[in-house]
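Whenever a hint applies, use it, and build me the whole structure from the sequences.
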Amino acid sequence: MTNKKLEEKILRANYELTPDVSACIRKALKNEKNPRGRQFLKLIEENIAIAKKKSFPLCQDTGIVSFHVGAPADIRALREAVRKSYGRLRDSQVKKPFDRKVDKRNLPSVNLAPDDFTPSFLIRGGGAMNCSGLMSANPSSDANCIEREIAAFVVSKAPYCCPPVFVGVGIGGAPHDAMLASERMLLKDQRKPMSRMENKIYAEINRSGIGPGGWGGKNTVLCVRIGELPMHMATMSVGISMSCWCLRKGKI
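Here the sequence shown is numbered in numbering that gives the first Met the number 0, starting from 0 and rising by one per residue.
Simulated from the structure, these hints should not be mistaken for lab results. Warning: the hint list may mix true and false statements.
Computed spacing ranges between beta-carbons, pair by pair [claimed, not checked]:
#, residue 1, residue 2, range
1, M232, K32, 39 to 47 Å
2, K94, S194, 37 to 45 Å
3, K32, D115, 21 to 29 Å
4, H175, N129, 33 to 41 Å
5, A151, K52, 19 to 27 Å
Every value quoted in this text rests on a predicted model; they were computed, and no experiment measured them. Backbone N, C-alpha and C fix where the C-beta goes; we use that ideal spot for every residue, glycine too.
This is how it looks when you write it as C-alpha coordinates:
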(Lines of atoms letter the chains of each structure in order from A and count residues from 1; the text may use other names and numbers.)
(Lines give C-alpha, C1' and ligand atoms only; values in the text may rest on other atoms or scores of the structure.)
Protein backbone atom coordinates (compact mmCIF):
# COMPACT_ATOMS: atom_id res chain seq x y z
CA MET A 1 0.00 0.00 0.00
CA THR A 2 1.29 3.45 -0.89
CA ASN A 3 1.66 6.15 1.73
CA LYS A 4 -1.01 8.20 0.00
CA LYS A 5 -3.54 5.37 0.27
CA LEU A 6 -2.70 4.85 3.94
CA GLU A 7 -3.15 8.58 4.61
CA GLU A 8 -6.59 8.38 3.00
CA LYS A 9 -7.52 5.32 5.08
CA ILE A 10 -6.53 7.08 8.30
CA LEU A 11 -8.57 10.14 7.38
CA ARG A 12 -11.53 8.00 6.33
CA ALA A 13 -11.42 6.15 9.66
CA ASN A 14 -11.82 9.50 11.40
CA TYR A 15 -14.81 10.40 9.21
CA GLU A 16 -16.65 7.11 8.73
CA LEU A 17 -17.25 4.02 10.87
CA THR A 18 -16.60 0.53 9.54
CA PRO A 19 -19.68 -1.58 8.64
CA ASP A 20 -19.37 -3.83 11.71
CA VAL A 21 -19.36 -0.89 14.14
CA SER A 22 -22.27 0.79 12.36
CA ALA A 23 -24.24 -2.47 12.49
CA CYS A 24 -23.73 -2.74 16.26
CA ILE A 25 -25.06 0.79 16.78
CA ARG A 26 -28.10 0.16 14.57
CA LYS A 27 -28.83 -3.05 16.48
CA ALA A 28 -28.66 -1.17 19.78
CA LEU A 29 -31.09 1.48 18.54
CA LYS A 30 -33.47 -1.24 17.38
CA ASN A 31 -33.64 -2.99 20.76
CA GLU A 32 -33.17 -0.07 23.21
CA LYS A 33 -36.38 0.56 25.18
CA ASN A 34 -35.24 3.37 27.47
CA PRO A 35 -36.45 6.70 25.94
CA ARG A 36 -33.36 8.63 27.01
CA GLY A 37 -31.05 5.86 25.85
CA ARG A 38 -32.83 5.78 22.48
CA GLN A 39 -32.48 9.53 22.17
CA PHE A 40 -28.74 9.31 22.71
CA LEU A 41 -28.42 6.57 20.08
CA LYS A 42 -30.38 8.72 17.62
CA LEU A 43 -27.93 11.56 18.27
CA ILE A 44 -25.08 9.15 17.52
CA GLU A 45 -26.73 8.14 14.24
CA GLU A 46 -27.15 11.81 13.30
CA ASN A 47 -23.51 12.49 14.17
CA ILE A 48 -22.39 9.56 11.99
CA ALA A 49 -24.45 10.76 9.02
CA ILE A 50 -23.13 14.33 9.19
CA ALA A 51 -19.50 13.21 9.57
CA LYS A 52 -19.76 10.91 6.56
CA LYS A 53 -21.54 13.44 4.35
CA LYS A 54 -19.29 16.40 5.12
CA SER A 55 -16.01 14.57 5.85
CA PHE A 56 -15.97 15.89 9.41
CA PRO A 57 -14.26 14.02 12.26
CA LEU A 58 -16.68 11.69 14.06
CA CYS A 59 -15.28 13.03 17.34
CA GLN A 60 -13.37 16.20 18.16
CA ASP A 61 -10.79 14.00 19.88
CA THR A 62 -9.09 12.51 16.83
CA GLY A 63 -6.87 10.53 19.17
CA ILE A 64 -3.63 8.67 18.59
CA VAL A 65 -3.06 5.99 15.95
CA SER A 66 -1.91 2.53 17.02
CA PHE A 67 -0.62 0.16 14.31
CA HIS A 68 -0.60 -3.62 14.68
CA VAL A 69 1.55 -4.99 11.87
CA GLY A 70 3.78 -7.91 10.95
CA ALA A 71 7.55 -7.88 10.47
CA PRO A 72 9.29 -6.28 8.73
CA ALA A 73 7.41 -3.00 9.12
CA ASP A 74 8.37 0.28 7.50
CA ILE A 75 7.99 2.37 10.64
CA ARG A 76 9.13 5.57 8.95
CA ALA A 77 6.44 5.19 6.28
CA LEU A 78 3.75 4.56 8.91
CA ARG A 79 4.81 7.63 10.88
CA GLU A 80 4.88 9.79 7.76
CA ALA A 81 1.38 8.69 6.73
CA VAL A 82 0.05 9.66 10.16
CA ARG A 83 1.89 12.99 10.16
CA LYS A 84 0.42 13.96 6.80
CA SER A 85 -3.12 12.78 7.47
CA TYR A 86 -3.22 14.49 10.87
CA GLY A 87 -2.26 17.78 9.25
CA ARG A 88 -6.02 18.08 8.66
CA LEU A 89 -7.05 16.93 12.14
CA ARG A 90 -6.69 18.11 15.72
CA ASP A 91 -3.30 17.61 17.37
CA SER A 92 -3.85 15.42 20.42
CA GLN A 93 -0.28 14.51 21.31
CA VAL A 94 2.18 16.32 23.59
CA LYS A 95 5.96 15.78 23.46
CA LYS A 96 6.52 15.02 27.15
CA PRO A 97 4.22 14.18 30.06
CA PHE A 98 4.96 17.32 32.08
CA ASP A 99 5.77 20.14 29.66
CA ARG A 100 2.49 19.54 27.72
CA LYS A 101 3.85 21.08 24.52
CA VAL A 102 1.93 19.95 21.44
CA ASP A 103 3.79 17.48 19.22
CA LYS A 104 2.57 18.12 15.70
CA ARG A 105 4.14 14.89 14.43
CA ASN A 106 1.36 12.90 16.16
CA LEU A 107 3.67 9.89 16.36
CA PRO A 108 1.76 6.60 16.22
CA SER A 109 2.31 3.51 18.31
CA VAL A 110 3.70 0.65 16.18
CA ASN A 111 3.23 -2.86 17.56
CA LEU A 112 4.24 -6.28 16.25
CA ALA A 113 1.22 -8.52 15.64
CA PRO A 114 1.09 -12.32 15.17
CA ASP A 115 1.68 -13.65 11.65
CA ASP A 116 -1.98 -14.63 11.22
CA PHE A 117 -3.25 -11.15 12.12
CA THR A 118 -4.29 -8.77 9.34
CA PRO A 119 -2.18 -5.58 9.56
CA SER A 120 -4.49 -2.92 10.95
CA PHE A 121 -4.66 0.36 12.81
CA LEU A 122 -6.77 1.61 15.70
CA ILE A 123 -7.57 5.21 16.65
CA ARG A 124 -8.54 5.98 20.24
CA GLY A 125 -9.06 9.22 22.11
CA GLY A 126 -8.12 10.13 25.66
CA GLY A 127 -11.35 8.95 27.24
CA ALA A 128 -11.05 5.45 25.83
CA MET A 129 -7.41 5.13 26.85
CA ASN A 130 -8.06 6.49 30.34
CA CYS A 131 -10.75 3.87 30.84
CA SER A 132 -8.52 0.97 29.80
CA GLY A 133 -6.33 -0.93 32.21
CA LEU A 134 -4.40 -3.98 33.35
CA MET A 135 -5.31 -6.38 36.12
CA SER A 136 -3.00 -8.94 37.71
CA ALA A 137 -5.54 -11.53 38.79
CA ASN A 138 -4.91 -14.43 41.12
CA PRO A 139 -3.37 -17.18 38.95
CA SER A 140 -5.70 -19.71 40.57
CA SER A 141 -8.79 -17.76 39.42
CA ASP A 142 -11.33 -19.72 37.43
CA ALA A 143 -13.22 -18.42 34.40
CA ASN A 144 -16.22 -17.29 36.47
CA CYS A 145 -14.00 -15.17 38.71
CA ILE A 146 -12.24 -13.53 35.75
CA GLU A 147 -15.59 -12.85 34.06
CA ARG A 148 -16.86 -11.06 37.16
CA GLU A 149 -13.67 -9.00 37.51
CA ILE A 150 -13.76 -7.90 33.87
CA ALA A 151 -17.45 -6.96 34.06
CA ALA A 152 -16.92 -5.01 37.30
CA PHE A 153 -13.97 -3.14 35.79
CA VAL A 154 -15.93 -2.14 32.69
CA VAL A 155 -19.00 -1.08 34.69
CA SER A 156 -16.79 1.18 36.84
CA LYS A 157 -15.28 2.85 33.76
CA ALA A 158 -18.08 2.83 31.15
CA PRO A 159 -19.80 6.07 32.31
CA TYR A 160 -16.59 7.97 31.50
CA CYS A 161 -16.05 6.35 28.08
CA CYS A 162 -18.98 7.71 26.03
CA PRO A 163 -21.07 4.53 26.12
CA PRO A 164 -22.19 2.31 24.57
CA VAL A 165 -18.66 0.91 24.55
CA PHE A 166 -16.67 -1.80 22.82
CA VAL A 167 -14.46 -3.98 25.01
CA GLY A 168 -11.33 -5.87 24.01
CA VAL A 169 -9.76 -8.28 26.51
CA GLY A 170 -6.40 -10.05 26.51
CA ILE A 171 -5.92 -12.86 29.04
CA GLY A 172 -2.49 -14.37 29.66
CA GLY A 173 1.00 -13.53 28.48
CA ALA A 174 3.24 -10.95 30.11
CA PRO A 175 1.42 -7.79 31.26
CA HIS A 176 2.32 -5.82 28.12
CA ASP A 177 1.29 -8.76 25.91
CA ALA A 178 -2.16 -8.85 27.54
CA MET A 179 -2.67 -5.15 26.86
CA LEU A 180 -1.59 -5.43 23.22
CA ALA A 181 -3.85 -8.45 22.73
CA SER A 182 -6.77 -6.51 24.20
CA GLU A 183 -6.18 -3.73 21.66
CA ARG A 184 -6.12 -6.24 18.82
CA MET A 185 -9.50 -7.56 19.94
CA LEU A 186 -11.01 -4.15 19.15
CA LEU A 187 -9.76 -4.64 15.58
CA LYS A 188 -11.77 -7.85 15.17
CA ASP A 189 -15.15 -7.94 13.40
CA GLN A 190 -17.61 -6.78 16.06
CA ARG A 191 -20.61 -8.33 14.28
CA LYS A 192 -19.60 -11.97 14.59
CA PRO A 193 -21.27 -14.11 17.31
CA MET A 194 -19.64 -13.84 20.72
CA SER A 195 -18.25 -16.83 22.61
CA ARG A 196 -19.91 -18.12 25.78
CA MET A 197 -17.45 -16.20 27.98
CA GLU A 198 -17.82 -13.02 25.93
CA ASN A 199 -21.60 -13.28 26.10
CA LYS A 200 -21.58 -13.71 29.89
CA ILE A 201 -19.48 -10.59 30.37
CA TYR A 202 -21.58 -8.69 27.82
CA ALA A 203 -24.80 -9.59 29.65
CA GLU A 204 -23.39 -8.69 33.07
CA ILE A 205 -22.22 -5.27 31.90
CA ASN A 206 -25.56 -4.50 30.27
CA ARG A 207 -27.40 -5.41 33.47
CA SER A 208 -25.79 -2.30 35.00
CA GLY A 209 -28.38 -0.10 33.28
CA ILE A 210 -25.82 2.63 32.54
CA GLY A 211 -27.03 2.73 28.97
CA PRO A 212 -26.14 4.96 26.01
CA GLY A 213 -24.47 8.18 27.10
CA GLY A 214 -25.01 7.11 30.71
CA TRP A 215 -28.65 8.11 30.21
CA GLY A 216 -29.98 4.68 31.14
CA GLY A 217 -30.87 1.62 29.13
CA LYS A 218 -29.85 -1.90 28.23
CA ASN A 219 -27.02 -1.02 25.81
CA THR A 220 -23.97 -0.15 27.88
CA VAL A 221 -21.63 -2.39 25.86
CA LEU A 222 -22.04 -3.29 22.19
CA CYS A 223 -19.52 -6.12 21.92
CA VAL A 224 -16.92 -7.99 23.98
CA ARG A 225 -13.97 -9.73 22.31
CA ILE A 226 -11.48 -11.90 24.21
CA GLY A 227 -8.06 -13.20 23.16
CA GLU A 228 -6.09 -15.77 25.18
CA LEU A 229 -2.29 -16.10 25.32
CA PRO A 230 0.22 -18.61 26.70
CA MET A 231 1.40 -17.44 30.11
CA HIS A 232 3.64 -18.15 33.07
CA MET A 233 1.89 -20.60 35.39
CA ALA A 234 2.19 -18.22 38.35
CA THR A 235 0.52 -15.27 36.63
CA MET A 236 -2.86 -14.20 35.26
CA SER A 237 -2.56 -10.91 33.37
CA VAL A 238 -5.85 -9.44 32.15
CA GLY A 239 -5.62 -6.48 29.78
CA ILE A 240 -8.79 -4.50 29.06
CA SER A 241 -8.96 -1.98 26.21
CA MET A 242 -12.12 0.04 25.84
CA SER A 243 -13.45 2.17 23.03
CA CYS A 244 -16.36 4.57 23.06
CA TRP A 245 -19.18 4.01 20.57
CA CYS A 246 -16.90 5.67 18.00
CA LEU A 247 -14.62 2.68 17.38
CA ARG A 248 -12.31 3.95 14.62
CA LYS A 249 -10.12 1.44 12.82
CA GLY A 250 -8.94 0.23 9.44
CA LYS A 251 -6.94 -2.43 7.63
CA ILE A 252 -3.61 -1.68 5.95
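Here's how the hints hold up against the structure:
{"no.": "1", "hint": "M232 to K32: 39 to 47 Å", "verdict": "holds, 46 Å"}
{"no.": "2", "hint": "K94 to S194: 37 to 45 Å", "verdict": "holds, 41 Å"}
{"no.": "3", "hint": "K32 to D115: 21 to 29 Å", "verdict": "violated, 40 Å"}
{"no.": "4", "hint": "H175 to N129: 33 to 41 Å", "verdict": "violated, 18 Å"}
{"no.": "5", "hint": "A151 to K52: 19 to 27 Å", "verdict": "violated, 40 Å"}
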